[in-house]
Structure formats: C-alpha cells, structure tokens
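Protein chains: 4
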Amino acid sequence: MTNYKYRNMKLAILGSGFIGRFYADSLVAQRRKDEITMVYSRTEVNAEKFAKDYNIPNFSSDMIACIEHDDVDVVIIALSNDMHLEAVLACAKAGKHVLCTKPLGRNAKEALQMLQAVEDANIVGGYLEDLCYTPKFLKSLASIQAGNIGEVIWTKSREAHPGPHSDWFWNKEKSGGGVLLDLGCHCIEISRNFIGKNCKPVEVMCWGDTRVHPIEAEDNAVGLVKYENGAIGQFEVSWTFRGGMDLRDEVMGTEGTIWLNNFLRTGFEMFTSGKTGTYVAEKAEHNSGWLFPVGDEAHELGYSHMFTDMFDAIEKQSQPSENFYDGYVVNAIMDAAYLSMHSKQWEPINIEQWRGEMEGVREKKWQDYDENHYLIKEEILPNGIKKSIIKNKKTGSIEKR
Amino acid sequence: MTNYKYRNMKLAILGSGFIGRFYADSLVAQRRKDEITMVYSRTEVNAEKFAKDYNIPNFSSDMIACIEHDDVDVVIIALSNDMHLEAVLACAKAGKHVLCTKPLGRNAKEALQMLQAVEDANIVGGYLEDLCYTPKFLKSLASIQAGNIGEVIWTKSREAHPGPHSDWFWNKEKSGGGVLLDLGCHCIEISRNFIGKNCKPVEVMCWGDTRVHPIEAEDNAVGLVKYENGAIGQFEVSWTFRGGMDLRDEVMGTEGTIWLNNFLRTGFEMFTSGKTGTYVAEKAEHNSGWLFPVGDEAHELGYSHMFTDMFDAIEKQSQPSENFYDGYVVNAIMDAAYLSMHSKQWEPINIEQWRGEMEGVREKKWQDYDENHYLIKEEILPNGIKKSIIKNKKTGSIEKR
Amino acid sequence: MTNYKYRNMKLAILGSGFIGRFYADSLVAQRRKDEITMVYSRTEVNAEKFAKDYNIPNFSSDMIACIEHDDVDVVIIALSNDMHLEAVLACAKAGKHVLCTKPLGRNAKEALQMLQAVEDANIVGGYLEDLCYTPKFLKSLASIQAGNIGEVIWTKSREAHPGPHSDWFWNKEKSGGGVLLDLGCHCIEISRNFIGKNCKPVEVMCWGDTRVHPIEAEDNAVGLVKYENGAIGQFEVSWTFRGGMDLRDEVMGTEGTIWLNNFLRTGFEMFTSGKTGTYVAEKAEHNSGWLFPVGDEAHELGYSHMFTDMFDAIEKQSQPSENFYDGYVVNAIMDAAYLSMHSKQWEPINIEQWRGEMEGVREKKWQDYDENHYLIKEEILPNGIKKSIIKNKKTGSIEKR
Amino acid sequence: MTNYKYRNMKLAILGSGFIGRFYADSLVAQRRKDEITMVYSRTEVNAEKFAKDYNIPNFSSDMIACIEHDDVDVVIIALSNDMHLEAVLACAKAGKHVLCTKPLGRNAKEALQMLQAVEDANIVGGYLEDLCYTPKFLKSLASIQAGNIGEVIWTKSREAHPGPHSDWFWNKEKSGGGVLLDLGCHCIEISRNFIGKNCKPVEVMCWGDTRVHPIEAEDNAVGLVKYENGAIGQFEVSWTFRGGMDLRDEVMGTEGTIWLNNFLRTGFEMFTSGKTGTYVAEKAEHNSGWLFPVGDEAHELGYSHMFTDMFDAIEKQSQPSENFYDGYVVNAIMDAAYLSMHSKQWEPINIEQWRGEMEGVREKKWQDYDENHYLIKEEILPNGIKKSIIKNKKTGSIEKR
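Protein chains in written order, with this note's numbering: chain A, 123 to 523; chain B, 123 to 523; chain C, 123 to 523; chain D, 123 to 523.
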C-alpha cells in the first residue's frame with residue numbers, strides 16, 4: 123500500500139444520481155482536504171453536469187477508465203445495486219481502494235465475491251453504511267461499550283418514508299428486493315453494532331407484504347434477528363410511511379435505555395401558513411403547517427464521520443469500522459429474512475466465514491436475594507417501605523418480603 | 123334488567139390490591155354520582171382498611187356474600203387472574219352486572235365460559251381494558267374512523283416497565299403467563315380497535331424469552347397479529363424496561379400517521395437535584411435528575427372514560443365498547459401467540475364465535491397513472507419539477523416521467 | 123350557609139357563548155352529580171338552544187330572574203368582562219354563591235367591589251382560573267411546595283394563539299384591555315402560585331404593542347412581576363401566534379426545574395395528507411400535515427379539577443384555592459402593567475388589602491466553602507477531579523481549588 | 123492581502139483553556155485542511171501540554187512572538203475578556219487576520235477600538251459568535267430570509283446553565299460583567315439576525331439580579347431589545363439553571379413560528395441506572411437517570427460552520443457573516459442593558475457608526491375586509507361556517523360577520 127500520510131485523498135465517484143450528489147455535498151463541505159478528481163455517469167452529459175456542479179476536473183462515461191485514472195486513489199460506488207459487483211471487481215483489478223454504498227450486494231453470494239476480491243487485492247473495502255456513523259449513533263455506541271446500559275437485550279431500528287427517489291429501486295431485478303433490502307440493511311447493521319459485532323446472528327423471522335405500491339417486491343417489512351446470546355435486533359421498514367422520513371432507534375439494556383430520533387424530532391420545529399416564502403422541505407410531503415427540518419442533514423445522517431473514518435483507515439492502512447465483511451454479514455441476514463418471509467417460520471442465518479467469537483449457549487445468571495432465594499423485583503412503595511418479590515431456589519415458589 | 127336511568131350505580135369492588143385502589147381512586151374523583159358500597163378482600167383486615175380509606179359503608183371477606191349484597195348493582199373484579207372465572211360465574215348466578223379487569227381469562231377457554239355466563243344471565247359484562255379508553259386513544263380512534271389517515275396498514279402498541287407490583291403476577295399458575303398475558307392483552311386490543319373490530323385476526327407470530335427475572339414465564343415478548351385485510355398489529359412488551367413506564371402506540375395509514383405517548387413524554391418535565399424535598403415518583407426508578415411525571419395518572423390511563431362508558435351502557439341497557447366478547451377475542455389471540463412462541467412459526471387464531479364481518483381476501487387496488495400505467499410514486503423535486511415513477515400494466519417495466 | 127353535604131349542586135350558567143359551552147361540557151362529563159338547572163342568555167333563542175343542547179330544564183333572557191330562581195344554588199358567570207360586576211352584585215344580593223370567569227374585573231377597582239360584595243354577603247366567590255387547576259399544574263405546585271426544586275427564583279408562563287373567538291374581546295370598552303388582560307391574567311396567577319401566594323408582588327415592568335390586528339388594545343405583551351423575595355414572574359402573551367395554541371410554563375428553582383407544555387406537545391402527534399376524512403382540529407389553523415391534538419381538552423385545561431374544588435369548597439363552607447381575592451390581586455398587577463406599558467418604567471403594584479405575609483427584605487445567605495471562603499461553583503471535570511471556584515470573604519478575590 | 127486561494131490557513135490559538143480546546147477540537151475534526159501551527163498560553167507548561175495534545179508544531183508563552191510568527195496567517199483569540207483589546211491591537215500591528223471569541227469587548231468602547239484597529243489595518247476581524255452558526259440557526263435564518271414566516275415581530279433566545287467553568291468569568295474586573303455579558307451576547311446577536319441586521323436596535327429594558335452565587339455581578343437577567351420596526355428581541359440568561367445547558371430560540375412571525383432546541387432535547391434520550399459503566403456527561407449535573415446527550419457537540423454548537431465561514435471569507439478577501447462590527451453592536455446593546463438594570467427604565471442604545479438602513483417609523487398596514495372594514499380575524503367554526511370579526515374603518519366599531 124502507498125503511504126497516504128500527509129497527503130489528500132483523490133476521489134472518483136461512480137454514479138451521478140441522488141446518492142452520488144449527497145456524497146459529493148458531504149465531501150466538499152467544511153474545507154475538507156480530500157478532493158473529488160473524477161466522476162463517472164452512464165451518460166456523458168450527466169457526468170459533465172455533475173463535474174461542473176462540484177468543480178471536479180475530470181468526468182467520463184467509461185467506468186473502467188474512470189477507475190484506472192492516474193489521479194484517483196479511492197473509488198466511491200454510488201451506483202444501482204446491480205452494478206456493485208462489477209464495479210468492485212474492476213477496482214480490485216486496478217488496485218484502487220473502494221467504498222461501496224449500501225447494501226453491498228443484492229444477496230450474500232454477490233457480497234461474498236466482493237469481500238474476497240478486495241481481500242485478495244489487499245485494498246480497503248469500505249462499506250458506506252452512513253447510519254452507523256451518525257453523531258448520535260457514535261455516542262450511543264461508545265456509551266453502550268462503556269457499559270452504561272448493562273447487557274443489551276433488545277434493540278429496534280426503524281426506517282420509514284414514502285418510497286425511494288430513483289426508479290431503479292422499484293425494479294426488483296436491479297435492486298435485488300424491496301424495502302427490506304433498501305432500508306432493512308441499515309436497521310440490521312445498527313442493531314448488530316449495538317448488540318456487539320462479536321456476537322453471532324443465528325436466526326431471523328420476517329414478515330413482509332406489498333400493501334400500497336404496484337410493485338413485485340415488499341413495500342413494508344418487520345423482522346426479528348436473534349443473536350447467539352439471546353439478544354433480539356428488531357427492524358421495521360416501510361416505503362409507505364406518511365409524514366416525512368422516520369429514523370428512530372431504541373436499545374433496551376439490563377441497566378438502561380437509549381432512544382434516538384435522527385430526523386423528524388431533533389429540536390427544530392417550524393410552522394408556516396404557506397402564504398409567503400418559498401419553502402421546499404427535503405423529503406417532506408407538504409410545505410405548510412408544522413414542519414420538522416434537520417439542521418445539517420448530511421452531517422446528521424452520518425456522512426461526515428463516515429468519510430472521515432474511511433479516509434483515516436486508508437491512511438493508517440487499517441480497516442474502517444464498517445467494511446465489506448460487515449456488508450456481507452448484513453446480506454446474509456437479509457437472505458434469511460427473505461426466506462422467512464415466504465416460509466413463515468424462523469430461518470437460520472448462513473454466514474460462511476464467521477469472524478466473531480463463538481460464544482456458545484450461555485448459562486443464565488439470576489440475581490441472589492439470599493442463599494435460598496433469587497430476587498425477582500425490589501421496589502420502594504409510596505410509603506417508603508422496600509418490598510421484595512423473591513423466588514425459592516428449591517421449590518420455585520414466589521414470595522413477598 | 124332494572125332501569126337505572128336517573129339513579130346512581132352502587133358498586134362492589136372485589137380485591138383490595140394495587141388495581142383495586144386505582145379503580146377506587148378513579149371512582150371517587152371529580153364528584154361522580156356512582157358510589158362504592160362494598161369491598162371484598164380475602165382477609166377481613168385488608169377489606170376493613172380499604173373500606174376505611176375510601177369511606178365505603180360495607181366490607182367483607184366472603185366474596186359470594188359481597189356479590190349478593192342488596193346494596194350492590196354492579197360488581198368490579200380486581201382480583202388475580204386465577205379468580206376471574208369463579209367471580210364472574212357468581213355474578214351471573216346473582217344477576218349482578220360485572221366489570222372484569224384485564225386479561226379476561228388466563229386463556230380463551232376460561233374467557234369463553236365467562237362470556238357465555240353473562241350472556242345466559244342477560245347481564246352486562248364489561249371488560250376493563252382501560253388503555254382503550256385513554257383520552258388520546260379515544261380521539262385517535264374517532265379520527266381514524268372518520269377516515270383521516272386512510273386505510274390502516276400497520277399499528278404498533280408498546281408497553282414496558284420494570285415488572286408488576288404484586289407477587290401473584292410472577293407466579294405462572296395464578297397469572298396464566300408472563301408479560302405477554304399481563305401487558306400484551308392491552309397492546310393487542312389497542313391495535314385491534316385501530317385496525318377495526320369487524321376485521322378478523324387470522325394468525326400470529328410471536329417471540330418471547332425469559333431474559334432477566336428468575337421466573338418460568340417470559341419477561342419480554344414481541345409479536346405480529348395479521349388481520350384478514352392484510353393489516354398487521356404489532357405488540358412489544360417487557361417487564362425489564364429501565365426508565366419508568368413506556369406506553370406508546372403508533373398507527374400507519376395510507377394517508378396518515380398517528381403517534382401516541384401516554385406516559386413518559388406528555389409535556390411534563392422536571393429536574394431535581396434531590397437535595398431537598400420529598401419527591402417519590404410513581405413507577406419511576408429514581409428520585410432525582412430529570413423526571414417525567416404524568417398530570418392526572420388515572421385519567422390519562424383511561425379509567426375515567428372507561429367507567430363512564432361502563433355505567434352509561436348499563437343505564438342504556440346496551441354493551442360498553444369493551445366487553446367480554448372483546449376479552450375473549452384477545453385471549454384467543456394470546457393463546458395462538460403462546461403456541462407460536464414455541465413452534466417458531468405463524469399460528470392460526472381460533473375464534474369460535476366470530477361476530478365481525480367475513481371479508482374474505484380482498485383484491486388489491488392500485489392507483490392508475492393513465493390507461494396503460496400504474497402510479498408508483500410522485501414527488502416534487504427541489505427544482506419544482508414533478509417526477510412520476512410508473513409501471514407498465516402489461517410489461518411490468520418501471521419508468522420515470 | 124346551607125349545608126350542602128350529601129346533596130348535588132344546582133347550577134345556573136350566565137352566558138351561552140364559547141366559554142359557557144366549555145363550562146357546560148365539563149359539567150356534564152364523567153357522570154358528575156352536580157346539575158345545570160338554568161341558563162341565561164341575552165337573547166331568548168340562544169338561551170333555549172343552549173338549554174336544549176345540554177338538557178337543561180330552565181332558560182331565561184332575564185339575568186336577575188335566573189340568579190334568583192329557586193332551583194339555583196350556585197351561579198357561574200360566563201359573560202363578557204363588562205358584565206361581571208353587575209352579575210356579581212346581583213348574586214350577592216340574592217345570596218347565591220358565585221363563580222366568575224377570568225379576569226375578575228376589567229380593573230382592580232371593579233374587582234375590589236366584587237370581592238367586598240361576596241364577603242359582605244357571606245357567600246363563596248370562586249375565581250374560575252382554570253389554568254391554575256390543570257393536572258400538570260396541580261402536580262407541579264405540590265412538588266414545589268414539597269421543596270423538590272428548592273427556592274423558586276424565576277417563573278415564566280406563556281399563552282399565545284391567533285386571537286379570541288368572540289367579537290367583544292376585540293372591543294376595549296367591553297373587555298377592558300387587550301391580550302394582557304385576556305391571557306396575561308392566566309400567566310400572572312400561575313407564576314404567583316409557583317412563587318407562593320404569601321409573597322407580595324411589588325412592582326411590574328411591561329411592554330405591549332399592537333402589531334398585527336387593527337385594534338386599539340395591545341395584541342402582544344411581555345412583562346416581569348417582581349416579588350418581595352426577589353423572585354421574578356415573567357409573562358408572555360400574544361394574539362398573533364401562528365401554529366395553534368401555545369400554553370407553556372417554566373419554573374427555575376435553586377435545586378430544580380419544571381417545564382410544562384399544556385397544549386401543542388403533549389404526546390399526541392398526527393399526520394394527515396388531508397385527502398381523506400373530515401378532520402377539523404380545534405383552534406388549529408390547518409387540517410393537514412402534522413397536527414397536535416389534545417386528548418381531553420377540557421380536562422387538560424383544568425376545568426374538571428376547577429369545578430370539583432369550587433363545589434367541594436361550597437360543601438365544606440370554605441374558600442376554593444382560586445377565589446375573588448386572587449382575582450383582585452391579579453387585576454391589581456395588571457393595572458400596574460398597563461401603567462408601565464406607557465410610562466416605560468417599573469411601576470409599583472398597589473394592593474389595598476394585602477393578606478399574605480410581610481416578609482420584608484431578606485438577607486442573602488451564601489454557601490460556605492470554609493471559614494474564610496464562599497463556594498461559587500463546584501464541578502466534576504471530565505478527568506474525574508473536583509474543581510471548586512471560591513470567593514475570599516474578606517478580599518472578595520476569586521480563586522480556584 | 124495575500125491571495126489564500128488554494129492554500130490552507132495556518133492558525134495560532136491564543137489561550138489554552140476550555141474555549142481554546144473547544145476551538146482546537148473543531149479545527150482538527152473531519153480532515154479539515156487548515157492547520158493549527160502555534161499556541162500561546164500564559165505559562166509555558168500549559169502551552170506545551172496543549173501543543174502536544176493537538177500535535178501543534180510550535181508553542182509559546184510570549185503572545186506577541188506568537189502573533190508575529192512567520193508560520194501564522196490567522197490568529198484566534200481564546201483569552202479572558204480583559205485580554206481581547208491588547209491581543210487585537212497586536213494582530214492589527216502585525217497585519218494578521220484575527221478571529222476573536224465572544225463578547226468582543228467588555229464594553230462598547232473597547233469593541234469600537236478593536237473594530238477601528240482591524241479596519242485601519244485592512245485585515246479580517248471575525249467575531250466568533252458560534253451560536254449564529256449552528257446548523258439549526260443557519261437553516262432557520264435562510265427560511266426567515268426567504269419569507270416563510272412573514273415579518274418577524276418577536277424573537278426569544280435563552281441560554282442558561284449552572285455557571286461557567288473558568289474562574290476569571292466570576293471576576294467582574296476580568297470579565298466585564300456577569301451572565302448578561304457572558305451569555306446575553308449570544309442571545310442578543312441571535313435575535314438581531316432573525317429580526318434583520320439592517321434594522322436598528324433602538325432601546326433596551328433589562329432586569330438582572332444576583333440570586334444564588336456570592337458574586338458582584340448579576341447571575342440572572344432578562345431583557346427586551348426594541349428595534350426600529352417595532353420588533354422585540356427578548357433574552358433570558360442564567361448562571362443558576364439546574365438540569366444541564368438550556369439553549370433555546372423562538373421566533374414569532376406574522377405567517378409562522380420557529381422553535382429551536384440546541385441542547386437538552388435534540389432527539390437523543392438515555393436512561394442509566396448508574397450501577398454499571400463510566401458515563402460522565404458534559405455539563406450535565408448527574409450521571410444517572412434520564413440524560414440528554416448531544417451527538418456532536420462542537421458541530422451542533424456551530425463551530426464547524428463558523429470556522430468554515432471565517433476561512434472562506436479570508437480566502438475571498440471579504441467579511442464573515444459575524445465580524446467585529448457585529449461584536450461592537452452587541453456590546454453597545456449590552457451597555458444600554460446594564461444602564462437599564464440600574465435605572466429601571468428603557469434606555470436608548472448608542473451606536474456611533476450605524477451601518478444598516480435608516481427605516482424611520484413605518485406606517486401600519488392593516489388587512490382590508492372590504493372597502494369600509496378592516497379584517498381582525500377569520501376562523502372556520504367546528505360546524506364548517508366561516509366567521510369573520512371586522513372593524514369599521516370610520517366608526518371603529520367591532521362587528522361579527
């Protein structure tokens with residue numbers, strides 16, 4: 123690997139659509155030292171427009187030429203899902219570090235090929251899972267890892283909005299699936315971080331249905347991922363939500379609770395009669411009444427910290443927190459979820475190369491009240507007296523003290 | 123039936139525990155005209171104490187005598203779950219109207235016996251499902267029924283706290299189950315109301331586990347109830363939540379969204395250093411730092427409107443909104459949920475006497491874009507241009523306009 | 123006084139407008155035992171309509187006849203401000219208890235006449251200050267009185283909406299003033315309760331202006347009331363607020379903080395596209411987008427607990443928490459506020475019959491750090507070390523320890 | 123001026139205390155291209171420690187040497203208030219661009235000297251008013267400037283916490299005042315932006331008192347700044363608030379409302395029993411119970427966007443949005459506020475070099491109902507009927523239609 127210390131990253135963006143622009147916006151903000159030097163789009167005219175908008179010196183409609191360009195250190199894939207594998211293989215061949223948008227593959231088979239390609243080529247494969255880099259997520263994760271909420275026993279991640287912007291998302295062949303693949307990948311990886319990446323996801327139960335949009339794929343899904351230590355990672359995703367973009371996470375631990383709201387309720391509330399002004403809210407469905415803008419969207423959605431971690435990792439010749447292996451695990455969980463959606467039962471998760479710990483089944487540890495009893499619950503009554511509910515270890519009988 | 127018009131209800135409360143006191147508090151508040159004339163407790167001393175506290179003229183440790191007392195029109199059952207059936211049968215025998223706390227039975231078999239008993243005796247059987255009477259719930263329900271959020275496609279009801287106050291709850295024999303039975307009954311009936319009581323619940327998938335407390339029954343559970351029209355009623359319940367009592371409901375409709383928070387975030391926020399004063403918060407786990415009290419708990423939890431509906435129904439010789447039939451349906455759903463918890467697959471719900479509509483499977487109606495296309499999604503881009511994503515009815519191809 | 127124990131109150135309502143209906147709604151809710159037996163309106167047709175709507179046996183357009191009617195124990199005044207004095211004097215003459223809507227008078231002179239009239243007649247004069255009876259207010263007040271937030275040093279009460287419903291409010295002759303009189307009376311009494319009714323309000327500074335509506339009186343006002351112990355009661359009122367009804371209170375104590383939101387953010391959130399349904403929100407300015415309904419408005423606004431306290435007081439032959447003396451004090455504060463609005467300086471508050479304590483100026487008590495120093499501030503630094511900022515009692519120099 | 127285009131800024135930080143570290147944290151985050159090349163502290167050991175912590179090549183305890191160092195383009199002043207003037211004069215002499223923390227001076231006289239110095243030296247004088255650069259503030263301001271809430275008639279900015287970290291703040295000689303100077307400067311400039319910098323602040327009314335801490339200066343203050351167009355900018359500041367750091371802004375316009383919460387309620391909620399883990403919350407007063415962390419504090423507090431604007435302005439040879447002229451205006455307003463605190467009346471604001479527009483007194487424009495009437499208020503009644511309250515232009519009488 124080249125030593126990048128003390129120099130800037132030179133970046134190529136593949137794709138000039140909605141997500142490509144979001145990435146570019148983040149990369150030119152706040153006087154970052156890294157530069158976008160190249161952009162690829164299927165059509166020359168779109169590539170040129172994008173290059174002009176972001177003051178990028180080079181553009182092309184030839185993806186391979188773009189990847190191999192001398193002035194490119196790192197390739198950022200912002201293409202439709204069906205193009206990820208091809209683009210990653212080309213990066214591996216060219217020996218260029220590659221950062222790929224989510225989900226990594228349309229399925230685990232594709233993802234595994236990508237993982238093996240970057241590992242064989244000895245390049246960094248960064249998984250652009252932005253929602254695992256939001257400022258709130260990072261602080262929560264640090265707090266959980268410091269033990270502040272005890273053992274995590276249940277997490278929930280919810281992402282819901284009225285449906286994606288780009289047409290290819292609605293085409294199952296190109297996208298690989300519906301809302302589960304598009305939004306569920308975020309939720310699954312969020313929960314997996316909170317529960318602990320060392321803990322193996324073992325099985326999944328998932329419901330999905332097509333309720334509102336005339337498409338083949340599911341537009342609503344809810345599921346539970348069970349981990350080896352008994353923890354549950356719940357996900358709720360929808361392309362039919364009304365009211366904006368709903369991005370919430372919750373964690374229940376034995377000693378605490380975390381609630382995050384990343385979008386609709388972040389301390390910014392605005393009412394407008396709509397009679398004056400020119401307000402067009404992002405992803406909002408209406409322009410008057412009570413609106414809930416987000417201050418700095420790209421930052422709040424994790425893009426700033428995500429790219430910082432990616433480029434820092436490349437400089438340090440290490441792996442970013444979210445990398446192709448994580449992308450592969452998420453795809454494996456989603457494959458099982460799709461099976462469950464049809465089999466209507468819990469389905470095992472098949473991960474070929476498990477790299478976490480093998481915890482095995484853990485013995486349950488109950489809290490002692492005294493030598494002969496477990497403590498079930500203790501509370502202070504309104505009159506100040508402490509009441510304990512206990513269980514006899516031998517007889518199993520429940521008593522009050 | 124006696125004509126109660128123009129006179130007060132004379133009430134007996136069976137049970138002098140936590141829930142009995144909550145009921146009594148509600149019944150003596152705001153200068154209500156109905157009077158508690160009798161209280162029963164297993165022990166004479168508890169009955170006497172309760173009678174004294176609420177200024178009740180009669181008390182007894184003989185349940186049958188209490189029910190049959192001349193000065194009693196309506197019996198309110200606030201006993202442990204294993205006592206409901208016996209008490210209801212005695213009320214039916216005595217021809218006294220009966221209001222029973224939730225869940226109605228420990229299982230559908232018990233509930234069905236109770237339902238048949240009150241119907242045979244031609245008395246009112248009120249199901250004391252208070253959370254289907256909270257002011258927020260009632261207004262939400264009216265709004266949904268007026269069509270304001272379109273067709274309901276998904277609802278979620280969540281109830282979580284650190285565990286019940288009374289010891290019998292922790293004993294599976296007496297309670298009939300764990301947190302699913304104790305709290306899930308609320309959540310299931312809330313969702314059932316939002317989706318529509320005419321719509322048949324057909325199958326259920328449920329996860330439950332014992333994670334924290336040394337008990338036989340589950341202390342955490344999550345499940346999905348599927349209705350005949352495709353709607354999903356999700357429930358999340360926990361006896362291991364940290365931070366107080368979490369009572370939230372959500373509804374997603376095709377034209378709108380409803381979010382309710384009944385307890386921890388209701389517009390009342392308080393910080394105290396804990397150095398002065400005597401604050402003891404109800405169900406809170408701590409007495410300093412940020413606390414979130416509820417103004418008038420019994421009212422916010424639905425007790426006021428619940429008893430009003432019950433007594434008004436008796437006066438009008440009709441049925442309250444929540445009655446024994448509803449209690450039976452909820453028990454039937456929970457029976458299937460317990461099966462699913464162990465079989466790890468969706469389980470059919472067995473309702474012997476379905477009284478709602480028989481909708482059958484409904485044909486899906488997609489929205490037309492034009493003669494040859496369905497509309498998938500329409501949005502206004504930041505530049506003001508309208509973008510439509512459509513689907514060719516014949517070829518199924520997805521296009522952008 | 124008659125002994126009302128064991129019997130219901132028989133009530134006359136004077137006025138059939140918006141506030142009269144709000145009172146009646148509250149009085150017929152939740153099976154209260156007290157009955158409205160009579161209604162007065164200026165026009166026979168309005169009186170009859172009101173009587174029919176609420177199932178009231180008698181109605182009249184003769185106010186005196188209404189007050190003197192045999193079947194009336196208590197008179198509730200829901201008239202425009204210019205009619206309060208005349209109605210109260212008639213009640214006093216008839217020896218009927220009287221409950222008067224807020225503000226008591228158009229000024230302190232009128233209020234004092236009313237206070238003297240009820241005291242001379244030995245009847246109860248209840249001041250219908252509903253916002254000092256909201257469930258959140260009552261619990262907050264109890265908590266403050268229990269010492270949980272230490273000494274109250276600053277309170278703020280804010281009431282703002284787009285303007286009143288009835289035309290007479292906009293006529294300064296009839297109402298006696300603008301938004302300060304209409305809404306400020308609530309805010310002033312809320313703060314006065316929190317600071318302590320025994321503590322004398324001494325001076326007031328107030329800004330007011332007519333910014334939006336073409337009226338003589340002020341449509342916006344902000345003011346500070348200073349109390350003898352140094353505490354400040356701040357009020358903010360507006361008839362030009364956009365977004366619904368904003369009802370918030372805040373209290374800062376030496377050991378804690380209280381924040382109340384009574385209307386726009388109470389845990390009830392709803393989005394509707396507006397394409398279906400018939401939603402008409404109360405006092406909201408729009409029918410689509412995000413809406414924030416209140417569950418049981420009359421209850422949340424304090425009407426239930428207010429009338430309970432009033433009738434309980436009459437039964438017990440005592441005074442309700444909010445009575446004519448309180449109404450008089452509030453009028454005296456508002457008189458000074460109007461003076462300040464024009465003199466542009468702090469104005470003394472002239473209360474003829476101060477019935478609270480005479481505290482005098484209190485000596486300040488600083489917290490000792492040691493014999494020679496006061497403690498200014500103590501904090502735990504991120505590295506765990508305790509840092510103290512102290513002041514030398516003799517030299518006054520500030521030091522760090 | 124040198125042309126900085128295409129090169130990084132080389133920065134010196136004067137001061138190694140709390141605020142200096144906050145600035146440095148922001149400047150090294152997210153791979154910014156600008157570099158800190160020098161740090162000054164009064165003591166060599168502190169300067170060295172700071173340099174080591176942030177990997178800064180040079181450090182010094184000689185302020186002048188530090189400013190004049192060849193490898194320094196821009197000087198950032200993070201010193202106590204009494205040192206600002208001296209440091210700015212040295213920068214001006216050395217011809218180095220200077221960014222100064224808030225407040226600019228201890229009073230307007232000092233601020234004016236600094237303004238004149240940078241203008242005479244033809245260097246950029248950036249005013250580090252971070253709260254006018256928070257992401258929420260920037261989006262709000264853009265929305266207001268686009269007309270979305272109509273004309274701004276009232277704004278409020280509130281900043282409250284338990285008191286500053288550094289000892290010199292508590293020393294009136296060094297700081298120049300109390301909480302009004304420390305926190306009021308933020309609030310005043312926030313409101314001034316919302317109302318419009320072209321609009322002249324004309325007079326101010328302020329209350330302040332020393333209620334809790336044993337200091338000379340005020341620890342609580344509330345004030346109103348009146349602008350030429352009639353708008354009011356309200357500020358509330360406290361060094362005695364309990365519960366963390368309260369940072370809220372509100373704006374009332376004729377067509378809308380904005381509410382911002384920058385710290386305590388931003389969609390991040392956490393409960394911890396405190397039994398496990400190592401949580402130490404920033405500026406929080408407790409480590410257990412419900413806590414409200416902020417995701418990325420420095421970013422949310424505006425530091426990222428502030429420094430970006432400052433360096434971009436230097437590159438473009440223009441002025442940043444917040445510059446020394448703004449700092450001077452804020453000092454002039456605070457001088458008048460201190461006068462008012464003692465005179466107990468509105469005091470005129472004396473700005474020697476007003477650079478905004480001279481609006482003069484504007485005529486009020488009322489909304490017409492028809493030729494002969496103004497419209498006071500229009501509303502849709504629950505029965506769907508539109509009710510208008512109007513005023514006769516000639517007679518002034520109020521009518522209902």
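A couple of the hints might just be wrong.
Because identical chains cannot be distinguished in the list, a pair is counted as satisfied if it fits within a single copy or across any two copies.
Taking lysine-lysine and the PhoX-like style, the derived pairs with C-alpha atoms no more than 25 angstroms apart in a straight line are [as the list claims (entries may be wrong)]:
#	residue 1	residue 2
1	218	155
2	499	218
3	348	132
4	487	397
5	296	509
6	294	508
7	509	215
8	466	348
9	296	508
10	319	487
11	155	438
12	508	171
13	171	509
14	215	174
15	231	261
In case anyone wonders, no lab produced these hints; they're calculated from the structure.
Quick caveat: nothing in here was measured; it's all calculated off a predicted structure.
Quick rundown of the hints versus the structure:
1. 218 <-> 155: Both ways: residue 218 and residue 155 sit 19 angstroms apart in one copy and 23 angstroms across, limit 25 angstroms.
2. 499 <-> 218: neither (57 angstroms within a copy, 37 angstroms between copies)
3. 348 <-> 132: neither (41 angstroms within a copy, 52 angstroms between copies)
4. 487 <-> 397: Result: close only across copies, 17 angstroms inter versus 63 angstroms intra.
5. 296 <-> 509: For residue 296 and residue 509, only the inter-copy Cα distance (20 angstroms) is at most 25 angstroms; the intra-copy one is 60 angstroms.
6. 294 <-> 508: For residue 294 and residue 508, only the inter-copy Cα distance (24 angstroms) is at most 25 angstroms; the intra-copy one is 59 angstroms.
7. 509 <-> 215: Result: close neither inside a copy nor across copies, 68 angstroms intra and 38 angstroms inter.
8. 466 <-> 348: So residue 466 and residue 348 pass the 25 angstroms test inside a copy (16 angstroms) and across (12 angstroms) alike.
9. 296 <-> 508: Between copies only: 24 angstroms across chains, 61 angstroms inside a chain, cut-off 25 angstroms.
10. 319 <-> 487: Classified as within; 22 angstroms inside a copy, 43 angstroms across copies.
11. 155 <-> 438: Classified as both; 16 angstroms inside a copy, 18 angstroms across copies.
12. 508 <-> 171: Cα proximity of residue 508 and residue 171: across copies only (20 angstroms, versus 71 angstroms in one copy).
13. 171 <-> 509: between (71 angstroms within a copy, 19 angstroms between copies)
14. 215 <-> 174: neither (29 angstroms within a copy, 42 angstroms between copies)
15. 231 <-> 261: Cα proximity of residue 231 and residue 261: none, with 33 angstroms in one copy and 44 angstroms across.
Violation of the numbered hints given earlier is confined to hints 2, 3, 7, 14 and 15; the remaining hints are satisfied by the structure.
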